[in-house]
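Q: Sequence:
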Amino acid sequence: MLLVYVLLISCNSARVKKDTKLNISINIGQSYTIDLSKKIYTVFFLSRSPLHVKFNLTGDEAEKIKDMYFSLKLYDIGNVELKDTCLNNPKIYTYVNVKSNSIDQQIKIDESCRGFKDNYGAYRVNKFIQLVQEIIKSKEEIKDAPSSDVEYM
7 MLLVYVLLIS
17 CNSARVKKDT
27 KLNISINIGQ
37 SYTIDLSKKI
47 YTVFFLSRSP
57 LHVKFNLTGD
67 EAEKIKDMYF
77 SLKLYDIGNV
87 ELKDTCLNNP
97 KIYTYVNVKS
107 NSIDQQIKID
117 ESCRGFKDNY
127 GAYRVNKFIQ
137 LVQEIIKSKE
147 EIKDAPSSDV
157 EYM
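Read the sequence shown against the working numbering and you will find it ends at 159, with the numbers running on by one and no gaps.
Bear in mind the hints are in silico, worked out from the structure with no lab data behind them.
Hints are supplied without guarantee of correctness; some may be wrong.
[Unchecked claim] As a list, the in silico BS3-like pairs of lysine-lysine whose alpha-carbon atoms are at most 25 Å apart:
1) K60 with K79
2) K44 with K89
3) K44 with K145
4) K27 with K89
5) K27 with K72
6) K114 with K44
7) K79 with K45
8) K149 with K79
9) K133 with K79
10) K27 with K70
11) K133 with K143
12) K105 with K89
13) K27 with K97
14) K97 with K114
15) K45 with K70
16) K145 with K89
17) K89 with K60
18) K60 with K105
19) K27 with K44
20) K145 with K97
21) K97 with K60
22) K72 with K45
23) K44 with K72
24) K133 with K89
25) K133 with K72
26) K97 with K133
27) K89 with K45
28) K60 with K149
29) K114 with K72
30) K89 with K149
31) K27 with K114
32) K97 with K70
33) K27 with K105
Since we're looking at a predicted model, the values are computed, not measured.
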């Protein structure tokens, strides 16, 4: 029985690693959305319509993001809310959404807090989010975009 379980897990991991196309979007609070498959960065505002900014990813950048997702084994985390130990309110959640032929995943994390019950999972998710943000924010078209005016009390 244990052997069958181990084989199923290893086959599932191998199947997940073979995905060539990942559709990834990251929602940062109610302020920003990064949609990597549509290549759209959205800035939300309180009193006007959202601003949608198109950006381009080089093949190397897209591959770097995909490689990081798999090297951090984020697919093993599944659908989860990584609960923090911080007392600050309101919580400002970031959602990482990943879809492919074999993955349908949502990870919810309060990025502003560094105290987590699951430190390793939170560390991996934060590392991934930081990589994506670094790549996207280095784009000229994103640098020129206004900041969101959505503030949290």
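Q: Could you run down the list of hints and mark each one as holding or not?
A: Going down the list of hints, with the structure as the test:
1. K60 with K79: Judged against 25 Å, a Cα distance of about 29 Å means the pair is violated.
2. K44 with K89: violated, 29 Å
3. K44 with K145: Since the Cα atoms of K44 and K145 sit roughly 15 Å apart, the hinted pair holds (cutoff 25 Å).
4. K27 with K89: Violated. K27 to K89 sits at ~29 Å, over the 25 Å cutoff.
5. K27 with K72: Cα-Cα ~9 Å, so holds.
6. K114 with K44: holds, 21 Å
7. K79 with K45: holds, 23 Å
8. K149 with K79: violated, 30 Å
9. K133 with K79: With Cα atoms ~12 Å apart, K133 and K79 stay inside 25 Å; holds.
10. K27 with K70: holds, 13 Å
11. K133 with K143: Holds, at about 15 Å.
12. K105 with K89: holds, 22 Å
13. K27 with K97: Roughly 32 Å separates the two Cα atoms, so the pair is violated.
14. K97 with K114: holds, 11 Å
15. K45 with K70: Holds, at about 15 Å.
16. K145 with K89: violated, 32 Å
17. K89 with K60: violated, 33 Å
18. K60 with K105: Status holds; Cα separation ~21 Å.
19. K27 with K44: holds, 12 Å
20. K145 with K97: Measuring from Cα to Cα gives roughly 29 Å; hence the hint is violated.
21. K97 with K60: violated, 29 Å
22. K72 with K45: Between K72 and K45 the Cα gap is close to 15 Å, so the pair holds against 25 Å.
23. K44 with K72: holds, 15 Å
24. K133 with K89: holds, 17 Å
25. K133 with K72: holds, 13 Å
26. K97 with K133: Given that 25 Å is the threshold and the Cα spacing comes to 19 Å, the pair holds.
27. K89 with K45: violated, 29 Å
28. K60 with K149: holds, 12 Å
29. K114 with K72: holds, 19 Å
30. K89 with K149: violated, 32 Å
31. K27 with K114: holds, 22 Å
32. K97 with K70: Cα-Cα ~30 Å, so violated.
33. K27 with K105: holds, 9 Å
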